[in-house]
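Chain A is already provided as a structure; the job is to place chains B and C on it using the hints.
Taken in order, these protein sequences are the chains called A, B and C.
Just so we're aligned, residue 2 is where the first sequence starts under our numbering, counting upward by one.
Just so we're aligned, residue 9 is where the second sequence starts under our numbering, counting upward by one.
Just so we're aligned, residue 818 is where the third sequence starts under our numbering, counting upward by one.
No wet-lab data here; the hints were simulated from the structure.
Wrong hints could be hidden among the right ones.
Claimed, not checked - Have a look at the derived ranges for each label pair, beta carbon to beta carbon:
{"#": "1", "chain 1": "A", "residue 1": "Gly305", "chain 2": "B", "residue 2": "Arg175", "range": "47 to 53 Å"}
{"#": "2", "chain 1": "A", "residue 1": "Glu350", "chain 2": "B", "residue 2": "Val96", "range": "27 to 33 Å"}
{"#": "3", "chain 1": "B", "residue 1": "Ala228", "chain 2": "A", "residue 2": "Gln346", "range": "38 to 44 Å"}
What the hints assert, rightly or not - Covered stretches of chain C, going by a simulated chain A footprint (3 or more residues, C-beta under 8 Å):
{"#": "4", "segment": "933-944"}
{"#": "5", "segment": "959-968"}
What the hints assert, rightly or not - Within a straight-line C-alpha distance of at most 30 Å, the following computed DSS-like cross-link-like pairs (lysine-lysine) qualify:
{"#": "6", "chain 1": "C", "residue 1": "Lys924", "chain 2": "A", "residue 2": "Lys351"}
{"#": "7", "chain 1": "C", "residue 1": "Lys1062", "chain 2": "A", "residue 2": "Lys349"}
{"#": "8", "chain 1": "C", "residue 1": "Lys1062", "chain 2": "A", "residue 2": "Lys130"}
{"#": "9", "chain 1": "A", "residue 1": "Lys351", "chain 2": "C", "residue 2": "Lys979"}
{"#": "10", "chain 1": "C", "residue 1": "Lys1076", "chain 2": "A", "residue 2": "Lys198"}
{"#": "11", "chain 1": "A", "residue 1": "Lys130", "chain 2": "C", "residue 2": "Lys907"}
{"#": "12", "chain 1": "C", "residue 1": "Lys907", "chain 2": "C", "residue 2": "Lys939"}
{"#": "13", "chain 1": "A", "residue 1": "Lys130", "chain 2": "A", "residue 2": "Lys198"}
{"#": "14", "chain 1": "C", "residue 1": "Lys939", "chain 2": "A", "residue 2": "Lys130"}
{"#": "15", "chain 1": "C", "residue 1": "Lys979", "chain 2": "C", "residue 2": "Lys939"}
{"#": "16", "chain 1": "C", "residue 1": "Lys850", "chain 2": "A", "residue 2": "Lys198"}
{"#": "17", "chain 1": "A", "residue 1": "Lys198", "chain 2": "C", "residue 2": "Lys1062"}
{"#": "18", "chain 1": "A", "residue 1": "Lys130", "chain 2": "C", "residue 2": "Lys1020"}
{"#": "19", "chain 1": "A", "residue 1": "Lys349", "chain 2": "C", "residue 2": "Lys924"}
{"#": "20", "chain 1": "C", "residue 1": "Lys1020", "chain 2": "C", "residue 2": "Lys1062"}
Quantities reported herein were computed from a predicted structural model and do not represent experimental measurements.
Even for Gly, the Cβ is constructed at its ideal location relative to N, Cα and C.
Here is what each chain is made of, one letter per residue.
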Amino acid sequence: MLYREAGQFRTSYEADQQIFPIRQDRIAFALLMAVAVVGVPLFASDYWLTAILIPFLVFALASLGLNILTGYAGQLSLGTAAFMAVGAFAAYNFQLRVPGIPILVSFLLGGASAALVGVAFGLPSLRIKGFYLAVATLAAQFFVPWLLVKVGWFSNYSASGVITAQKIEILGFVFDSPVRRYLLVLAIVALLALAAKNLVRSRIGRAWMAVRDMDVAAEVIGIRIMRTKLIAFAVSSFYCGVAGALYAFAYLGSVEPDAFNLDLSFRILFMVIIGGVGSILGSFLGAAFITLLPILLEVLLHGGAGLLGLNLSPGTPSMMQLVVFGGLIIFFLIVEPHGLARLWQIAKEKLRLWPFPY
Amino acid sequence: MQFFLEVLIGGLLAGVMYSLVALGFVLIYKASGVFNFAQGAMVFFAALTFVGLQEKFGLPFGVTLALSLAAMVVLGVLTERIVLRPLVNQPQITLFMATIGLTFFIEGLAQLIWGTEVRRLDLGIQDEPIEALMERFNILVSRFDVAAALVAGVLVAVLAVFFNKTRIGRALRAVADDHQAAMAVGIPLKQIWAIVWSVAGFVALVAGLLWGARNGVQFALTFVALKALPVLILGGFESILGAIVGGLIIGASEKLAEVYLGPMIGGGIEGWFAYIMALLFLLVRPEGLFGEKHIDRV
Amino acid sequence: MSEPASHEHNPGRRIGGTLLSVDNISLAFGGVKALTDISFDVLEHEIRAIIGPNGAGKSSMLNCINGVYTPQQGRIRFDGQEFQRMDPHKAASMGIARTFQNIALFKGMSVLDNIMTGRMLKMRTNLFLQALYVGPNRREELEHRRHVEHIIDFLQIESVRKTPVGRLPYGVQKRVELGRALAAEPRLLLLDEPMAGMNIEEKQDMCRFVLDVNDEFGTTIVLIEHDMGVVMDISDRVVVLDYGKKIGDGTPGEVRANKAVIDAYLGVAH
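Chain A on its own, in the form it takes in the complex:
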């Protein structure tokens, strides 16, 4: 009853093309933004900010990137973490070697560098599809971290390739406290999410989905397959690169190439699958789910073990995590391949009728 759309007629195509055509959605989103921008900084603890919210936003950005490539354009990639690594290390190097460069420009250039690498490893997609392409992206996943360690220049000749991100200072304002870092990351992610939403509802988004659904037909309409795929790799890798830069600068502080490993790539792929392929909202839902799940599991495990008087070996929580993640992936693929985003849509449809059953 609350969610009725009755009486909301969209009388122009303009009104129909809005991101939130339904008034209740607009209100809900405004509330969400108010909470995120005002409520969180006021009430959230440092732990929540640094251990949950900031990584959630960073991973959401990386999921957005992967979703663009795999969800919208249909090009399976297992090398997401490698592109994040490029972004992180490139941003670090620009910040280090170009005197006086604004840090936001470093982030942008980090993303751009990742985009270039993404296009390079995306070139095979012009001839190969599906899991063959996945194997090709694995090449990126193993090669890039190796290169970042081997070529000392990338990490300013530190041992094992560790880099310590410089502090973030914009116009004299230093972003060092958790709240400030959170707000900065929130702003960047929100802007890029808006850009992503705009892209997928414009011409390029349709071209991506056409290539994903049936590339022969897409070609017949006049879509240039090669260009469309490479743009997908470029945009996706840009997003992953910026996410990687934020990962290093705003979340961990110092990072090494090995942190951007296959495990991280899988994690982000899981976020995309569980959240919903081909959905901007899904990227956020999936990131939230995967970020919160380990914490939830820990609490459950320790609580449950305490209740039952069991002694857990130290490896158990992380093994449980593997089992639960794997099981959830399979569960979602069987039950709702379109992930949490689709479940959310279904929930909204039920909400339209509530409290009536039909």
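Okay, now just chains B and C, sitting in the frame of chain A:
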């Protein structure tokens, strides 16, 4: 020259190990069109189960082997029934992603049951140089590697005969080609799939035992299994011969690259060389050396 | 549908000069000869049917015209230009659009989005403007949306415009596919069995759409069809293929009386 031969032979024999893992992939792909990313995890599970059973119950080798095989069969059948059958009509990508989830599940499960410590696996064959070769040609070749190669060879021969000469093998190939047509001729699909996954489980067990004996049974085993992917790309996804040849090529070139190119670039090439090779190969001959070309009809 | 020569319902429609001509096209897949030495022409503003038993090579012929297949021999002449190699993008930019036998819609997108993809070549804004959305991109989107909505009106599919096409019934999907082809404002429209699997009413609707498109926009139409009633009624001229060879070419009346055509359809051994 001797050194080159040593490295080459060492590489070839390492390649044999890759081939064993790739064999499992090929079997399942041939029979069900599913690309089982979890094959590596199954190798790990098999090895860990064997070693775990040995530790816990101290039974003779043969009994432990039989029990481990039974465990693999159960795992295979359950996988087919719970994961794959519900997804039978989904696009291949979905199935592939499901096997990625399966990988994580099996890896976690194995370690939950048996623990996370590294274990030694003793098969009774020592990793020592063969004296005869050492004396005659001054070449260092491990007895273990040769034994592994022999086992792999026998396994491949048995499988090749199985697929090409027996009735069940023919049925498997029919199912791989076209499920509907196979059903129409009366081939019992579910039984066939159970057989396929069991055979793949057996191959995983053999691979797991050999790998585990060589490198110890540990989580890193699953990464090794990932190397089977370049092997398949080189050899083609549907060819048993391709798995062997591909494995040999990858194993040899990897070792040679590491030894001869490595010092120039700083070493550690083995981590990615196989993948880059596969990548280049994909651009030239996507279906692999022995694979079949696919033509899409519009 | 049984009215004789109903394609003359609009006597004002002028049939122009040669728009498309295929000369000595031969196409083979491995050892299988799909097309052998096919030549025919298509005049501007006409409705040309290609008929023949299953496997005659009709779809392959269309695929050659718009560049999906490349024939081993022969040339295609379109709008005065000659091509040995046609590729799909070139064909699309020259104004050739088509539908497919097995519906090549983008199952993940809505009806509206599918038809909007037909406007792809007419849209110009760059990537950054698209990311911004407001401004030039929104104007362009709205302008093309208006055009697409006209097509949706024309095809009477307003009620399903936001539905993902994968969920629509077969007949409606066929209409959406026609809409997508029309969105490109093509000069030549290639229709591959647009009425396959339809019942009488749906066929009548589809015929009406095809004729209206030809009337209102002057679009030249090449159509593959099995329903002889449809073919005889709406086409100006007919080409008959059998086993990859041309066995008939002329008006519907001429072709109907052609012995070779009758033999091919009745399955007389040859």
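We went through each hint and held it up to the structure:
1. Under the hint 47 to 53 Å, the C-beta atoms of A/Gly305 and B/Arg175, about 51 Å apart, fit the expected range.
2. Between A/Glu350 and B/Val96 the CB atoms are about 28 Å apart, so this pair conforms to the stated range of 27 to 33 Å.
3. Taking 38 to 44 Å as the suggested C-beta distance range, the pair B/Ala228 and A/Gln346 conforms, at roughly 42 Å.
4. Proximity of the segment 933-944 of chain C to chain A, defined as three or more residues with a beta carbon under 8 Å from a beta carbon of that chain, is established by the 8 residues found.
5. Residues of the segment 959-968 of chain C lying with their CB closer than 8 Å to a CB of chain A number 4, which satisfies the three-residue condition for coverage.
6. Distance restraint check for C/Lys924 and A/Lys351: the Cα-Cα separation of roughly 25 Å lies within the 30 Å cut-off, and the hinted pair is therefore satisfied.
7. Taken as a hint, the C/Lys1062 and A/Lys349 pair is broken in the structure, with Cα atoms around 57 Å apart against an allowance of 30 Å.
8. Between C/Lys1062 and A/Lys130 the CA atoms are separated by roughly 36 Å; this puts the pair beyond 30 Å, and the hint is violated.
9. Between A/Lys351 and C/Lys979, the direct Cα distance comes to roughly 19 Å. Compliance with the 30 Å bound is thereby established for this hinted pair.
10. Proximity of C/Lys1076 to A/Lys198 is assessed by CA-CA distance (about 61 Å); at most 30 Å being required, the pair is judged violated.
11. Distance restraint check for A/Lys130 and C/Lys907: the Cα-Cα separation of roughly 24 Å lies within the 30 Å cut-off, and the hinted pair is therefore satisfied.
12. Between C/Lys907 and C/Lys939, the direct Cα distance comes to roughly 14 Å. Compliance with the 30 Å bound is thereby established for this hinted pair.
13. For the proposed pair A/Lys130 and A/Lys198, the alpha carbon gap of about 25 Å is at most 30 Å, so the pair holds.
14. The suggested pairing of C/Lys939 with A/Lys130 holds, with an alpha-carbon distance near 29 Å, which does not exceed 30 Å.
15. For the proposed pair C/Lys979 and C/Lys939, the alpha carbon gap of about 22 Å is at most 30 Å, so the pair holds.
16. Between C/Lys850 and A/Lys198, the direct Cα distance comes to roughly 48 Å. Violation of the 30 Å bound is thereby established for this hinted pair.
17. A threshold of 30 Å between alpha carbons decides the hint, and for A/Lys198 with C/Lys1062 the separation of about 51 Å lies outside it, so the pair is violated.
18. Pair hint A/Lys130 plus C/Lys1020 does not hold up; C-alpha atoms about 38 Å apart against a cutoff of 30 Å.
19. For the proposed pair A/Lys349 and C/Lys924, the alpha carbon gap of about 23 Å is at most 30 Å, so the pair holds.
20. In summary, the hint linking C/Lys1020 to C/Lys1062 is supported, as the alpha carbons are separated by about 28 Å, within the 30 Å threshold.
When each numbered hint is compared with the structure, violations occur for hints 7, 8, 10, 16, 17 and 18.
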